[in-house]
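Visitor: For reference, the chains in residue letters:
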Amino acid sequence: VFSKDAAVLQGTIELLILKRLSAGPMHGYGIASWIETATDDVLSVEEGSLYPALYRMVQKRWIKGEWGLSENNRRAKFYRLTRTGEREFAEQASGWLRLSHAVSRAVSATVADRGAR
Amino acid sequence: VTKDPRQEFDDELQFHIEQRTRDYIAKGMTPEAARAAAAERLGDVGRVRQACTSLLAAERAAEGRRTMLRVSWLDVRLGLRMFAKHPGLSLVSVIGMAVAIAIGAGYFAAVRTMLDSSLPFDRDGRVVVVRTRALAGQPGLGSGASMHDFEDWRSELKSIRDLGAFREDSRNLITERGQTYLISVASVTASAFPLTGVAPVIGRTLLPEDERAAAPPVLVIGYDEWQRRFDGDAGVLGQTVRLDETQHTIVGVMPQGFGFPINHAYWVALRPTAADRTAAAPPSVNVFGRIAPGLSLQDARSELAIIGERMAAALPETHKDVRPQVQSYTHTFIGTEDPQSELAIRGIQFGVGLLLLIVAVNVSILVYARTATRSGEIAVRTALGASRSRVVAQLFVEALVPAVISAALGLGVVAVAFRWFRDYIRSSSDRIPYWIPPESFSITPAVVLYAAALAGVAAVIIGVLPALKATGRRVQAGLQQFSARGAGMQLGRTWTALIVLQVAVAVAALPAALYNAESGFRVGMRRPSPAAAPLLRATLDMSGDRSASGKRDGDPPSAREVALFSARMTALIQRLEAEPGVSAVTYADQFPGEERLGMIDADAAPAAIRTLANGVATNFFDLLGVHLLAGRGFTAADATAGASAVIVDETFAQELAGGANVLGRRIRFASRTPADAPNPWYEIVGVVPAFVYSIAPPVGIGSPTPRLYRAAKPGDTLRPAIIIQTNGGDPNRLTQRLREVSVSVHPTLKLDGLIGVVQDFDHGRAVFRYISLGILAVISSVLLLSAAGIYAMMSFTVAKRRREIGIRAALGADARRVLIGIFGRASAQIGAGVAAGLGVAAALQWLGTDIMGRRGFIFFPPVAAIMFVVGVLAALGPARRGLAVQPTEALRDE
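Sequence order for the protein chains is Y and R.
For the first sequence, the working numbering begins at 1 and goes up steadily by one.
For the second sequence, the working numbering begins at 1 and goes up steadily by one.
Chain Y on its own, in the form it takes in the complex:
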């Protein structure tokens, strides 16, 4: 999904990154692995595409990258949410929930006969 429909799913990836970082700072690999597990491998494809999304979010000042040491003592770039990012996450998350709820309800509902109204 990351590869071909990246443009379409841009918002989804950003929301997922925001979600992961709301739990604490993480490096790119960690974020990719989390998305993989959290979405039951549904969204696991070309991981390279994750990085442009991260860099764009840095530019929007939602997240900030800082070099640090990983669990196994390797130098890695950790991303964390900024204040702006926290606000953005709250907004996007509630928006997504409302949308997906509405869409799934609509999709699962029975379509009434036109003439019934």
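Just so you know, nobody snuck in bad clues.
Simulated restraints, written as ranges between beta carbons of each label pair:
1. R:Ala383 - Y:Trp96: 45 to 53 Å
2. R:Arg493 - Y:Arg74: 56 to 64 Å
3. Y:Trp96 - R:Ala26: 27 to 35 Å
No lab work stands behind these hints: they were computed from the structure.
Built from N, CA and C at the ideal position, the CB exists for glycine as well.
Position chain R relative to chain Y; hints supplied.
Guide: Chain R only, in chain Y's frame:
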């Protein structure tokens, strides 16, 4: 640590691949397979890398801009905080720099307005003046060119087009209704008008045929004069007016603001006489023209040089030692045609800039003392990762705050000064060229820019130099010393040298400046004599119809002329005295203050006396309210040929006899050369006070000059000074009527510069008030700065010894002895400075620069005293604190 964006991305990716590979290996893949799978998962790395690298680079740039803004705003706030935290230092620096910037920017603006001005129709300066100049070593000619040379150049010159000439004449303008005005007329060739490209508002300009001797005389007038003297009436065309004796028909009105050639409002055709056209005729006109298209000033110079050589060869008798030269039109009439004078003016601008430099260095010493006390702060900031340039930038911005405030204040001062100056120009009879309107003396963007540049330079000196010095030190040492209070840079000897230098400069320079300011102010506050209130003064110009008779201005009057002038002048005086409102009239060869200098020998006197001599009417002293101190006044018999009575003033008497009686002493004018026959003897018959200084507008601050008076009679000179006593009220109300009276006696008689004596006096002394005010401002700022500098350095050095003082007190030293030690050292430093300053001042005096005048020396004690008081006060505070330190505290610091 910032890396290349590409490198940074690769590092990030590297970690990702490694982690993924480890995961796959942990899941049971072989290392090779794991690596391949990891790379596969990443996808198109090249594309991703490109996107990320450019995103990162953009982000970096944006971040840099944000940091810059944040940092400098912080610095400005820090600077403002520093400014408020040290009000004394801020005030002293701002006052000092504001004065220096005001002078620098004001001078810049004035020079720009004057030197860089251009004719409105010639923005690139292609209009030039051609004049003859004597070769080096030959006697001067006066300025301009002769008609003969002008006509020769006009027919020859290829490189300069539209050649024209003008002469300035003073004329009585007598209107059809009989009103009389004294005006300045430009007698100009018709070619001047096409050169300017300015068309008349109504009527026509002068035409070449107007220059013919037989053509009817015509007059073109300026717009303002049209409105003022002719009510702006379009019917003015065709009206006839008289200029002295000649009827002229008005044929045109030029538009407002037009004043070519210099500042003229009346134009008549230039009509040379036969005498003017001879090769021997002296310079009588100013020649101008425009450099031909495509040619340069240099081409014109070359061509004129050839013409000059040819004329010198053809007319050796008159032209052997003169050459034509071409020069800037505008500079010629501002008085800066000489490249050297322009250089001098620009040089002074540099000198004025130096003043700011001196002030800035002084302020930087002050700031350095403060920066020194902040060495701990600087060391800590450096240790926390601030780069040296970051610290220096901060100190620069801190310095920029007072510098910018000073520049704003300085510009304010210039704006006020220019307003005074514009009013002065408008009220003054001195005319400035029409292409420099009074409004052009104003604060232009260029002046603001210049002031800003000055502020920038000052901030560099004040902020950056101390900062470099403060940060250049070993940071480690600074940090170590930070724990010990009062620690900082060790500067003992430098500090002492600076204190001595500071005091020396103040002591050497200030008394002379104070003397000048004080004398200038004294002159500026001088009161005119009460007897001057009802007086009008004028120069009676009787030379009017001389040129018509072929005489030139410098020729001595013939016996016939003397008789003529005498009769006219006598008639005029009678007519003036008969006027209602006039009570008496007197005259003198020159108005007091404008007398000619001569050397007087006296019997039994060792040396000749430099004296200003004047011939005065017998009622002269009475009318000016001058009472004789001794002897008698002039009688009619004293004005006859061969009479020997002279009256001297008390300055002369003092110089001749040192206060003893001078009545009956014989004096005479010194012969020019010993070979000349001795001049006749005069006898002193009376002594008057030095009254001139309460009558004549001030011209200098020097001591009074000896003066000598002979009895004069009408006709002695061509241009005597006339003094008219009115019956009270404002004497200026009579000027118009008096002009009409003089014209009615003879149309060529002119009362030039007719003005109330008191009005003229006040105008002259106002200049001195402004100048002394300026000097006083500079002195105050210098004194303030050096006092502050001494205070800062002194208190800094004593403060550094606080611990030592505390320890000595703790060890039982007598407080009195400690204090004597401190003040002794302070006194020695200031004493050395005073001595050095006195030495410099004495050396200057010995070198013959009379900058002190007679009273200048009285300013030495107060200046030295101020320095001592400042120094002692500065040492007092820190010394007291030192003695108050608890011994335990002092030892703990150790």
